[in-house]
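A.B. asks: Fit chains Y, F and Z with the ligands to the given chain G structure using the hints.
Residue numbers (numbering that gives the first Met the number 0), protein chains in the order written: chain G, 0 to 358; chain Y, 0 to 358; chain F, 0 to 321; chain Z, 0 to 321.
Any given hint could turn out to be false.
Dumping the calculated DSS-like pairs for lysine-lysine here, alpha-carbon to alpha-carbon at most 30 Å [claimed, not checked]:
1) Z:LYS314 / Y:LYS336
2) G:LYS257 / Y:LYS259
3) Z:LYS193 / F:LYS182
4) Y:LYS259 / Y:LYS336
5) F:LYS106 / F:LYS314
6) Z:LYS6 / Z:LYS295
7) F:LYS228 / Z:LYS193
8) F:LYS182 / G:LYS41
9) Z:LYS23 / Z:LYS273
10) Z:LYS193 / F:LYS193
11) Y:LYS336 / Z:LYS313
12) Z:LYS182 / Y:LYS41
13) Z:LYS264 / Y:LYS41
14) G:LYS41 / F:LYS23
15) Z:LYS313 / Y:LYS335
Computed far set for chain F versus chain Z, every beta-carbon distance over 12 Å [as the list claims (entries may be wrong)]:
16) MET0
17) LYS6
18) THR32
19) GLU105
20) LYS106
21) LYS133
22) GLY205
23) TYR254
24) LEU260
25) ALA279
Facing chain G, from chain Y, some residues (calculated, C-beta under 7 Å) [claimed, not checked]:
26) ALA97
27) ILE101
28) GLY139
29) PRO292
I should point out that these hints are in silico values taken from the structure, not numbers from a laboratory.
The structure presented is a predicted model; accordingly, all values stated were derived computationally and were not measured.
Here a beta-carbon is modelled for each residue, glycine too, at the ideal position from N, C-alpha and C.
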Amino acid sequence: MSDIVIEQQTLNYIDAIREGISEAMQADETIFVIGEGVPDPKAIFGSTQGLRQQFGEHRVLDMPLSENAMTGMCIGASLNGLKPLLIHQRIDFSLLSADQLINQAAKWHYLFHQAVPLVVRMIIGKGWGQGPQHSQALWGLYAQVPGLKIFLPATANDAKQMMKAALNDPNPVLFIEHRWLHHTESLIEDNEATINELSKAMVLRQGDAATIVASSYMVHEALNAAQACAQFGMEIEVIDLRVGHEFDYATIAASVNKTKNLIVADLHPMHLSPGHAIISQLMQNGIQLQTPPRLVAQPNHPVPTSWYLAENSYQAAEAIAEAIAQSQNLTALQLKKILAALSQPPRTDVPNRSFCGPF
Amino acid sequence: MSDIVIEQQTLNYIDAIREGISEAMQADETIFVIGEGVPDPKAIFGSTQGLRQQFGEHRVLDMPLSENAMTGMCIGASLNGLKPLLIHQRIDFSLLSADQLINQAAKWHYLFHQAVPLVVRMIIGKGWGQGPQHSQALWGLYAQVPGLKIFLPATANDAKQMMKAALNDPNPVLFIEHRWLHHTESLIEDNEATINELSKAMVLRQGDAATIVASSYMVHEALNAAQACAQFGMEIEVIDLRVGHEFDYATIAASVNKTKNLIVADLHPMHLSPGHAIISQLMQNGIQLQTPPRLVAQPNHPVPTSWYLAENSYQAAEAIAEAIAQSQNLTALQLKKILAALSQPPRTDVPNRSFCGPF
Amino acid sequence: MTIVVEKLLDLYSQIHLIRRIEEKIAEEYHQQTMRCPVHLSIGQEAVAVGVSAHLNSNDRVYSNHRAHAHYLALNANLESLIAELHGLENGCCGGRGGSMHLIDLEKGFAGSTPIVGATVPIAMGAAFAFKQQKRSHIAVSYLGDGCFEEGVVYESLNFAALHRLPILFVLENNQYSVYTRLKQRQPEGRSISKLAAAMGVSVLHGDGNCIDDVYGLAAQAIAQIRAGKGPYFIELDTYRWPEHCGPSDDDHLGYRPQGELAAWKARCPLQYAKTLLVQAGVALNHIQQLEQKNSKKIESAWVKALNGLTPNPKKAAEGVYV
Amino acid sequence: MTIVVEKLLDLYSQIHLIRRIEEKIAEEYHQQTMRCPVHLSIGQEAVAVGVSAHLNSNDRVYSNHRAHAHYLALNANLESLIAELHGLENGCCGGRGGSMHLIDLEKGFAGSTPIVGATVPIAMGAAFAFKQQKRSHIAVSYLGDGCFEEGVVYESLNFAALHRLPILFVLENNQYSVYTRLKQRQPEGRSISKLAAAMGVSVLHGDGNCIDDVYGLAAQAIAQIRAGKGPYFIELDTYRWPEHCGPSDDDHLGYRPQGELAAWKARCPLQYAKTLLVQAGVALNHIQQLEQKNSKKIESAWVKALNGLTPNPKKAAEGVYV
Ligand SMILES: Cc1ncc(C[n+]2csc(CCOP(=O)(O)OP(=O)(O)O)c2C)c(N)n1
Ligand SMILES: Cc1ncc(C[n+]2csc(CCOP(=O)(O)OP(=O)(O)O)c2C)c(N)n1
Ligand SMILES: [Mg+2]
Ligand SMILES: [Mg+2]
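Chain G with its partners taken away, still in its complex shape (with noise of 0.2 Å):
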């Protein structure tokens, strides 16, 4: 490791990841990239960009498209001294290799008592016409089953953080990203922080009014509506859960004890979105509530491709926004107002203005 003082810096998303990847690698020999395009002139996305030639072919390898043995091939070798980060480019391909994730790899440590130091990045998405079986949100499934951790950076600077925690840790980890995050950008701080903190819930923005909880992609949505809030002298408290496979619900409590108003936003389609589960959880403790705690899930549909169908499929910051109005109490020329105050995407399909496709 070098002496040279690194100063603070903005990073995007992808940046961020083939930094925390990089630096990882550096530190850490075992770790191998492996995954559908991870090479290649796009290099998933740019995040895999360069690694090969800083690595070497060994350790920054393409792969058949054999979703399944590759993630059992991946378990292997994460018991034999590996660290191996298999990438997939949309969450929706993992499902061919469901046994291996959730009957070997989440079991094994439980079994065999042998570590299984295995990450699985998988993108989720939506809009440009992905459609049904590319713009899933799917982690939920994951985290139905013990034994596998899921991290959710909603950040430049937790992907950086998470990745190199994810590669540091001993078990099973998903690390999901929402295609729409890979712009956006913040500060990366210097110092790095353990598994253990990276799994706590953050809050994100103080308020006293209500509590959105929220993960992944949703908490831009929930700060994008906590911030029309503000305007209209509202304070919304912000959370960011970090993680799927378990929930701080010390933070949230705490929180939800202030504000008395609990509203949570998440990616999965309504019937049975994790988010029930923050909700149930708080109410089998007796939490007491000013109003109805509140989910904002999507529907229960598959996500159509036409852009013109999938601007309705998807509940976001405006949904959120109603959820604190009813919270409140507001009007609804008080919600209008909060609705015209949010901060709008060019187009619903876009992750942002400079993208035109094709993926």
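C.D. replies: Showing chains Y, F and Z with the ligands alone in chain G's frame:
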């Protein structure tokens, strides 16, 4: 169809399923049954016994150990005029076909407007050392996905009715049966229930002190607890959810509005148990309770094989009784009496007294 | 195989139509009105055209992410394709699918979905149904060389061989999966079609850029399948010209050896078919007439398609269940 | 292959030990103290013994539901196996695994799990690690004929061949998957080992009931793998005597042709090995001494195992994460 008048009869769950399949196959010659061991001497715990003799080799088939392709094959067959009933001896095997079920079957009609009348029987369970890879509940994973129906028959009568309904449903249906239910018996009703009727939650036992919402095998644990409570003058209402892809909140709310106490009992690990959704939805609707709602779910770890260990790994009637006791502010002594009044299984790792392994 | 001139004209016309529609999509894509990924078939048109010539509308064809040619070669609805790419109500999925999910059941195109390998067993299910029902139709499953790495394909070949199902597997070997060359994914020296043969299906191997070759092999395979001889697998060598996904060229990225694309362009399936026509004595202006007819067809379909309504977002929740 | 007498004695002793321990399990099973499914290896012992003879404790062996022989042939801990079957603290998984989940890392037995096919890619991952780390160890993956129908096996063979990984696939072809015969699951005329060869791995095929055959083929394959020649696949024909799962015979169920079991019993691997010993001039009473030693070993291990503590149910929640 013959004119013979059928007397009301008692069947066990396995025979009920077999009758359901057989009657459906008689009525609809497009139905075929396929699965590992379907025509073999053990006949899926007896549930497919005799079907081959009755309906011929081409309608009752064994298959290679290719869960993924066989699921795809059944989808393709269902799109082209046949009605497949695919059987997995353990739901855990179905993870190999998660892509076909979640990405294809669940979305095909939504995308292409073509029906997928596919039924997949999956056996969940516990006990006799099935261990971590052969005794998961897992249906909650599929229930997160819009487009799959989940049937959870808790009684022999429902098993028969729901099998016939599933085989008459133009949608993909996962038919989930708990191994511990196979020997249970019930009176079989003559009249055929419609799918809509079967999707309604059913009040199995009336009461005013508390409502227990359960499904599949947990219904029996709930009834056990309720019966013990009744001996002490507490009438507990027990509701069987019956399906997992949607919950009949109207029926549940009506009950809870009466009893003012809510307990949910589920087979999944606690962290993201589907039971949370029930508590969350009722609380979001502002239902008023006397005591906080409670979820009895399974511990957040894989099920160990050793029966010494597994004993502690299942939350059952005892845990439900404890939740009831809390809702009724019972003393420790009162709870102790209720626990003593529970009907006890011979041993916790066998479904019934006659069971002696090996699976 | 020599093909009668009328047929050859048909085949040429289809190849040409597919080429032009794909070029048109590429041209228009920057307008940002086709807001979905597109995987163009340019360079691979002869495969679908040569196979489809032997199919009828009761057969069932299943395909993957790169489905435009497979769809169009069945004379499936052009306007519905264009509208689908634009996310419109008059699209073949009412906009729900986009480029990666196409269907035209009337013409036998039974569905394409983009999870690599997923439709292979589904096609096999269609074949299973045909056999059970004693119907004479066949199923066709298109797959790429990359797809041949998915386990489900082997499971499917095994079952198809076991039950001698009436299915034709058409493997388009364009040597790439996205930017990754075959030899980085499959062992050198491996023959895909020999491997398929070892699975137990009948196998043919040919030049996917030569319409006469494709047409002849498909004729042979499909006749055998219809005669109850069980499944066939045809491997066809071909090459994708544009980028994997999207409207552009990407040769500058350097993932293909220098000159490879040029060499394959010199073996253009459209040009090859044209040469066959000329050799068969067809006059160039006759060919031009055909081409003009196609261009008009595309222009008018494009206009009609874009006249379609935008789908009603309120209806997005409908149709999850029947 | 002729084997030196000392080695042959070892091999015989191992086969005998496995046979006897399996018989003991079958005998005791009705006591209802082994409360888990058991898949016995009786009839198939020579496979594991012949293969394991060429392995050392740094190699890594992965297996499936029918793992007792694979485990024991590595001289893995007998007491831990028995204790594991009884769900005790001193079991190799502390009781968490039962018969279907075994491990003895010290002896190179790296894990068995019962989802058919699941450990095949995991074994390959071990081989991948060895290659990356330039270590000289090899991985071994046991699979059944039924397992060869799972797609993941083909994906694994492809990757192993592509990267020339140091792995030996050992396919025990006992012709059945539970009660289902091979020909109901795989097309007639299919050769499993030829198919594996078409995948790109080196292949050998032999008689799994003849210890000299197994020993010889494994010697050859393992030497090549250690010499960096890439993956090998050995198909070994053999036969399971007892029921698929459980302690009993099940021939009365009629799923096997009459006389088939008897014919295979006549080809008993234990008897065969004994005959080799006798032919090599080993005295019968020497053999008997070996056998008695084994019986004592089993009796004492059994007693020790059952002296183990029952695991503490309060600890069932521990160890989900490291
Ligand atoms: C299961 C799965 N893995 C990965 C992808 C991403 N992907 C889409 S197309 C493609 C390449 C497929 O290659 P091939 O089968 O040769 O078809 P081609 O694109 O060459 O026509 C990949 C990897 C996917 N859609 N599904
Ligand atoms: C994925 C999966 N499907 C089905 C089963 C049920 N099962 C357990 S063992 C077995 C038979 C396997 O046959 P084979 O691979 O030939 O091994 P053998 O039992 O003959 O040793 C089956 C079907 C399973 N455990 N996993
Ligand atoms: Mg390709
Ligand atoms: Mg077998």
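A.B. asks: Take a quick look at whether F:LYS106 and F:LYS314 sit within 30 Å of each other, Cα to Cα.
C.D. replies: Satisfied, since the Cα-Cα distance of roughly 27 Å is no more than 30 Å.
A.B. asks: Checking one constraint from the list: CA of Z:LYS264 to CA of Y:LYS41, max 30 Å. Satisfied?
C.D. replies: 24 Å, holds
A.B. asks: Can we trust that F:LYS133 is non-interface, i.e. its beta-carbon lies farther than 12 Å from all of chain Z?
C.D. replies: 21 Å, holds
A.B. asks: Given the proposed pairing of Z:LYS193 with F:LYS193, does the C-alpha separation stay at or below 30 Å?
C.D. replies: 11 Å, holds
A.B. asks: Does the claim that F:LYS106 lies outside the interface with chain Z hold up, using a Cβ gap greater than 12 Å?
C.D. replies: 31 Å, holds
A.B. asks: Once the closest CB in chain Z is found, is it more than 12 Å from F:LYS6?
C.D. replies: 35 Å, holds
A.B. asks: Regarding the pair Z:LYS182 and Y:LYS41, is the alpha-carbon distance no greater than 30 Å?
C.D. replies: 19 Å, holds
A.B. asks: For the pair supplied as a hint, F:LYS228 and Z:LYS193, is the alpha-carbon distance within the 30 Å limit?
C.D. replies: Status holds; Cα separation ~22 Å.
A.B. asks: May I ask you to check that F:LEU260 keeps its beta-carbon over 12 Å from the closest beta-carbon of chain Z?
C.D. replies: At roughly 25 Å from the nearest Cβ of chain Z, F:LEU260 sits farther out than 12 Å, so the non-interface label holds.
A.B. asks: Checking one constraint from the list: CA of F:LYS182 to CA of G:LYS41, max 30 Å. Satisfied?
C.D. replies: The given pair, whose Cα atoms are some 19 Å apart, holds under the 30 Å limit.
A.B. asks: Does Y:LYS336 lie within 30 Å of Y:LYS259 when you go C-alpha to C-alpha?
C.D. replies: This hinted pair holds, its Cα atoms lying about 23 Å apart.
A.B. asks: For F:TYR254, is the shortest CB-to-CB distance to chain Z above 12 Å, so the non-interface label stands?
C.D. replies: 18 Å, holds
The earlier numbered hints are all upheld by this structure, with none contradicted.
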